[in-house]
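What follows is each chain in one-letter form.
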Amino acid sequence: MAEAQQILRDPALFYWILLPITVVMVLTGILRHYLSTLLQSAPKRQPLAKLREQRSLLRSANLRTNYAQISASAFQKRREWLIENARDGKFLADPDARGKGKPNPMSDPAMMEGMMGMMKGNVAMMVPQSLIMGWINAFFSGYVIMKLPFPLTPQFKQMLQAGVGTRDLDVRWVSSLSWYFLTLFGLQPVYNFILGSNNAANQVTQQMAQSQMGANPMGGAEDPEKLFNAEAENLEVIEHYYILDGVEDRLLERFQGAI
Amino acid sequence: MANPLLEAPSKSSPETAIDLSQQASTFITSQSSWLSAIPYPLSLFINTESQEKWQTYENLFLACLRTGDDNTAYACLESLTDRFGKGNDRVVALQGLYKEATAKNESELAEVLREYEEMLKSDPTIFSIRKRRAAVLRSMGKTSDAVTALTNLLDQSPTDAEAWSELGDLYLTQGSYDQAIFSFEEVLLIMPYSWNMQARLGEVLYLASGRTEGGDQMKILSESMRRFCRSLELCDDYLRGHYGLKLVTTRLLEVLSTSKKPQQSSSDPVRGDLAPPSVDAVKKLNELATSKLAEIVRRSNSGEKGWDGYSAAEIIAARELLDRDTQKIER
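Chains A and B, in that order, give the protein sequences.
Using full-length UniProt numbering, the letters of the first sequence correspond one by one to residues 1 to 259.
Using full-length UniProt numbering, the letters of the second sequence correspond one by one to residues 1 to 331.
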């Protein structure tokens, strides 16, 4: 394009569209942060038996990964003890429920609680988001509100000119709807500045965290008995080696130059 | 070096504790600046929270308790309670700690203990309080009760390295070396790269070797020596590691020279234990430890940069060990 397009914009566009959208977006972020802080239910204490089950499992996993730290006889003792107790279900939180298979997640009140918490968080995000989207669509759609100070390739047209159906408009012009999306995705640093780094203001980052958390929250816990049996099998096949084997030679070799 | 206000309080020496407690009142007044005095709706837009802030409060609290500045400690505790609420596990433990520290006599301490037990009766999952209870029992001299408390705790939470290490320590004071060794091994299973724990286990093994004789003693001594070696492999200039290595190799040389039995050349396949080290290697390790100790003492005393983190008492002990050695040669 030889000469830059000139569009005469009413300066009121800046004061009545660009600024309000930005301010509203920042405010909703802050509102969402405080709302989710309020809605957050404190994590419930787990019953002692459940805790013991989890940590025992962790202990045998520790033995499985760090067995090289202890001598063969010490390892053998621990292995036998752990395998025997795991097979007998001594670590299980609920020994009576052995062999009954996976419990239904819907029947577990603790699980329901967790799901309610997640629902609350989701609602706190979805409601303001759709409200603002509707507000912008109703009042401001179709406006070109600003011009970027740098040139861009035409691929950005979709991103920057949503809601404006002109083919020949220079990509540097940004429509109001696109400005909304840009602020939606780009305000995280602003929230970090205002609310501190572990805020709950931005929904996008939260959604990302949720999708990483695990594909299926409904699937819930595996059957602990199966986990213990698998752990026992894993322990059984370990071929022990000792980290202290030959350590004196390694050390001497390392300090050879130093002496 | 890192900011001492943020470091774990257990690491700090008495000098830094005094330093910290002197800073405490200035820190507390610095926290109430104009930022936190903003009226309510506007204060929503400003964040005065950070993890460092509360970590600092906790460390100052502990430092003040150590130096006897109970009033400042109480001020820190108040802000922590205001922020996190009375029911918070950590705050509850800190409150207990404050009561313990200000208890004037045995009976007041027993009162604190009774409070802990009541709290645990209503909710046995507050692990911080269970640990405090074990600590109080220990400081009251009821070692066997403390051991029971810790073994119960560890049955329910067997991945707690802190508790295992404390239990090992308790067993050690009782002289039950086997149990102590077991506990420290358990710590290593949780934290395999902690060189201080490797050396600690080496120390316990060295102590335990005094009880045995003959082949068993040699086995334990060489195991102890290897523990120290591993510790040094993980941390080159660890003073305690070098100190222990020197001690144990000296002892091992004596044992090796007196033992008539021909050395087993290979490791014992049934028990899976390692063969005792060759005399040559032990000698070399002894030399290595001696020269390293001398280097550390020399550099630390001349205050070289990067060598000034050693505790003064340990340096003195190392020097004393070295002096003992030279006297022997002169004779």
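Treat the hints as calculated values from the structure; they're not laboratory data.
Among these hints, one or two may not hold up.
As the list claims (entries may be wrong) - Cross-link-like lysine-lysine pairs, in silico, DSS-like; alpha carbons within 30 Å at most: (1) B:Lys131 x A:Lys90; (2) B:Lys86 x A:Lys50; (3) A:Lys120 x A:Lys50; (4) B:Lys121 x B:Lys53; (5) B:Lys142 x B:Lys104; (6) A:Lys50 x B:Lys121; (7) B:Lys131 x B:Lys99; (8) A:Lys44 x B:Lys99; (9) A:Lys44 x B:Lys53; (10) A:Lys157 x A:Lys44; (11) B:Lys305 x A:Lys120; (12) A:Lys157 x A:Lys50; (13) B:Lys131 x B:Lys142; (14) B:Lys53 x A:Lys77; (15) B:Lys219 x B:Lys328; (16) B:Lys219 x B:Lys142; (17) B:Lys86 x B:Lys131; (18) B:Lys219 x A:Lys44; (19) A:Lys147 x A:Lys157; (20) B:Lys86 x B:Lys99; (21) A:Lys77 x A:Lys147; (22) B:Lys142 x B:Lys99; (23) A:Lys77 x B:Lys99; (24) B:Lys142 x B:Lys121; (25) B:Lys131 x A:Lys44; (26) A:Lys90 x B:Lys121; (27) A:Lys90 x A:Lys226; (28) B:Lys53 x B:Lys86; (29) A:Lys50 x B:Lys104; (30) B:Lys99 x B:Lys121; (31) A:Lys44 x B:Lys328; (32) A:Lys44 x A:Lys147.
Open item on the list: Need the status of pair Lys142 (chain B), Lys99 (chain B): alpha-carbon distance at most 30 Å?
Closed with: holds (19 Å)
TODO: Mind checking the alpha carbons of Lys131 (chain B) and Lys44 (chain A) for me, to see if they're no more than 30 Å apart?
DONE: Status holds; Cα separation ~21 Å.
Open item on the list: Check whether the Cα positions of Lys50 (chain A) and Lys121 (chain B) lie no farther apart than 30 Å.
Closed with: holds (18 Å)
Open item on the list: Between the alpha carbons of Lys53 (chain B) and Lys86 (chain B), is the straight-line distance 30 Å or under?
Closed with: The given pair, whose Cα atoms are some 19 Å apart, holds under the 30 Å limit.
- [ ] Would you mind confirming whether the straight-line C-alpha gap from Lys44 (chain A) to Lys99 (chain B) stays at or under 30 Å?
- [x] Roughly 28 Å between the alpha carbons, so the hint for Lys44 (chain A) and Lys99 (chain B) holds.
Open item on the list: Just to be careful, I want the Cα atoms of Lys131 (chain B) and Lys99 (chain B) compared with a cutoff of 30 Å; is the pair within it?
Closed with: holds (15 Å)
Open item on the list: Can you confirm whether the C-alpha distance between Lys219 (chain B) and Lys44 (chain A) stays at or below 30 Å?
Closed with: violated (49 Å)
Open item on the list: For a C-alpha distance cap of 30 Å, please report whether Lys120 (chain A) and Lys50 (chain A) respect it.
Closed with: At roughly 26 Å apart (the allowed maximum being 30 Å), Lys50 (chain A) and Lys120 (chain A) satisfy the hint.
TODO: Would you check the hint for Lys44 (chain A) and Lys328 (chain B), treating anything up to 30 Å between C-alpha atoms as holding?
DONE: Violated: Lys44 (chain A) and Lys328 (chain B) sit about 64 Å apart, past 30 Å.
- [ ] Take the C-alpha atoms of Lys131 (chain B) and Lys142 (chain B), compute the straight-line distance between them, and say whether it is at most 30 Å.
- [x] holds (14 Å)
TODO: Would you check the hint for Lys219 (chain B) and Lys328 (chain B), treating anything up to 30 Å between C-alpha atoms as holding?
DONE: holds (27 Å)
Open item on the list: Check the hint pairing Lys50 (chain A) with Lys104 (chain B) against an upper bound of 30 Å on the C-alpha distance.
Closed with: The given pair, whose Cα atoms are some 39 Å apart, is violated under the 30 Å limit.
Checked against the numbered hints given earlier, the structure breaks hints 4, 10, 11, 12, 14, 16, 18, 21, 23, 29, 31 and 32 and satisfies all the rest.
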